[in-house]
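Starting from the known structure of chain A, fit chain B onto it as the hints suggest.
Residues per chain are reported as follows:
2 protein chains.
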Amino acid sequence: MPKIVDHTKRKQLIAQATWKVISEQGIHHATSRTIASEAGLSQGALRHYFSKQEGLLTFAMELVKEQLVTRLIKLDNKQMEPKDKVVEYLLEFIPTDKQTLLEMEVWFAFITYGKTEKGFTVNNEELEKAIKAAIVFLKNESLLKDVDEEKEKEKLYAFINGLALNLYLEPHLVNREQSKEIIKDYLKYIMN
Amino acid sequence: MPKIVDHTKRKQLIAQATWKVISEQGIHHATSRTIASEAGLSQGALRHYFSKQEGLLTFAMELVKEQLVTRLIKLDNKQMEPKDKVVEYLLEFIPTDKQTLLEMEVWFAFITYGKTEKGFTVNNEELEKAIKAAIVFLKNESLLKDVDEEKEKEKLYAFINGLALNLYLEPHLVNREQSKEIIKDYLKYIMN
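Residue numbers (the working numbering), protein chains in the order written: chain A, 1 to 192; chain B, 1001 to 1192.
Among the hints, erroneous ones may be present.
Okay, derived cross-link-like pairs now, EDC-like style, lysine to aspartate or glutamate, Cα gap no bigger than 20 Å in a straight line [as the list claims (entries may be wrong)]: (1) Lys188(A) / Asp1185(B); (2) Lys1188(B) / Glu149(A); (3) Lys1184(B) / Glu152(A); (4) Lys1065(B) / Glu170(A); (5) Lys184(A) / Glu1103(B); (6) Lys184(A) / Glu1149(B); (7) Lys188(A) / Glu38(A); (8) Lys20(A) / Glu1117(B).
Far from chain B by the CB rule (all over 12 Å, computed), these chain A residues [unchecked claim]: (9) Asp6; (10) Thr8; (11) Gln16; (12) His29; (13) Gln43; (14) Lys52; (15) Leu68; (16) Arg71; (17) Leu75; (18) Phe108; (19) Val136.
Quick caveat, the hints were computed from the structure, so don't treat them as lab data.
All values derive from a computational prediction rather than experimental measurement.
Note that beta-carbon positions come from the ideal geometry of N, C-alpha and C, so glycine has one too.
Excised from the complex, chain A in its bound form:
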């Protein structure tokens, strides 16, 4: 029987090695040499999975979003009061532990990289929509005060992205409970 390598799994391991290199050395050091070394593969084996550098970086970037989506789906299936669920939901967009902090670091690295690297685009639209969807959720659950929905979406998007940015700037302040409190405090203004 031929040895079966889980292709998808292997690609994910390579993407995670890419994250580590980006986080520790910076995105400009994320070369096939450093990534292969981090992943414990030869450069030849790495090229088998990703023939081009851009393909690898794009995959590694998309994986950040995928991880988030996986967590959001998991949360969606949980039985929980809507007023608590919205807090847990918003917490997913900010770093709350080592793993999500790493993802945030990688995401910001991709963002700055995408600003000047032609052919490398970071699409933030889905994240934006997902954050703003919290307002619709509140409305559907009759938890939203009589406020201007569109304005609240804009403000919440700024607030959550700002929380994420500030924790990226000061990673020693990453603390799930404290972030929970500040999000709850913010929501008081708009929730019944």
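Below, chain B without anything else, positioned relative to chain A:
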């Protein structure tokens, strides 16, 4: 009479050339060659002002903050209703035109760069303090509702930094009037 070169002025021009290179090509392309070329100087002349690359980058980074402080002082001297002044004050921390968008791009580039480049530190503390000072200003002007000052500082800091980040992500949305509206709308929650 010897030719007098305004040393400070020249250094500022070099720093601005550095901004332009960072914004257009990325911080990893900000070398003495590209910066000298952008500034219209020889590399030798550049080295006369900045013998080391780190010194130049630090100077260019500090200049972003200095420009902001200059604008804040100018604003402070203006005769204006406190409730309007606080909006104008907070607007200074987000991109509202081409020039402030450039500064923001450069600032974010420095932030990600500082994450992995040893010996290059980005200090965001002053910006944080300056944003949070708006809450103290509101309180001193008796414009602050009966709210928890510390929590409001944290939330405002997240909100303003988030607005800045979102405009950096979508620069085509930079619009002073719209930003003014969203800031005013946010302040409604905490202002008398």
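Consistency of the hints with the structure:
1. For the given pair, Lys188(A) sits about 15 Å from Asp1185(B) by alpha-carbon distance, which is consistent with the 20 Å threshold.
2. For the proposed pair Lys1188(B) and Glu149(A), the alpha carbon gap of about 15 Å is at most 20 Å, so the pair holds.
3. Our distance criterion of 20 Å between C-alpha atoms is met by Lys1184(B) and Glu152(A), whose separation comes to about 13 Å.
4. Straight-line distance between C-alpha atoms of Lys1065(B) and Glu170(A) comes to about 18 Å, which keeps the hinted pair within the 20 Å bound.
5. Distance hint between Lys184(A) and Glu1103(B) is unfulfilled; the C-alpha atoms sit about 33 Å from each other, more than 20 Å.
6. For a cut-off of 20 Å, the pair hint linking Lys184(A) to Glu1149(B) stands: about 16 Å separates their Cα positions.
7. For the proposed pair Lys188(A) and Glu38(A), the alpha carbon gap of about 45 Å is over 20 Å, so the pair is violated.
8. Note on Lys20(A) and Glu1117(B): the hinted pairing holds, with a Cα-Cα distance of about 15 Å set against a maximum of 20 Å.
9. Chain B leaves Asp6(A) outside its interface by the beta-carbon criterion, the shortest separation being 31 Å against a cut-off of 12 Å.
10. Non-interface call for Thr8(A) relative to chain B: holds, since the shortest CB-CB distance, roughly 29 Å, exceeds 12 Å.
11. Gln16(A), annotated as away from the interface, keeps every beta carbon of chain B farther than 12 Å; the closest lies near 17 Å.
12. Listed as outside the interface, His29(A) is inconsistent with that label: its C-beta sits roughly 8 Å from the nearest C-beta of chain B, within the 12 Å cut-off.
13. At roughly 22 Å, the least C-beta separation between Gln43(A) and chain B is larger than 12 Å, which holds for a residue marked as non-interface.
14. With a least beta-carbon separation of about 19 Å from chain B, Lys52(A) lies farther than 12 Å from that chain, consistent with its non-interface assignment.
15. The Cβ of Leu68(A) sits about 16 Å from the closest Cβ of chain B, beyond the 12 Å cut-off, so the non-interface label holds.
16. Distance to chain B confirms Arg71(A) as a non-interface residue, since its nearest Cβ pair spans about 21 Å, more than 12 Å.
17. The non-interface label for Leu75(A) is consistent with chain B: the shortest C-beta to C-beta separation is roughly 22 Å, beyond 12 Å.
18. For Phe108(A), the condition that its CB be more than 12 Å from all CB atoms of chain B is violated, with the nearest at approximately 6 Å.
19. In this structure Val136(A) is separated from chain B by more than 12 Å, as the shortest Cβ-Cβ distance comes to about 19 Å.
The structure is inconsistent with the numbered hints 5, 7, 12, 18, although it conforms to all the rest.
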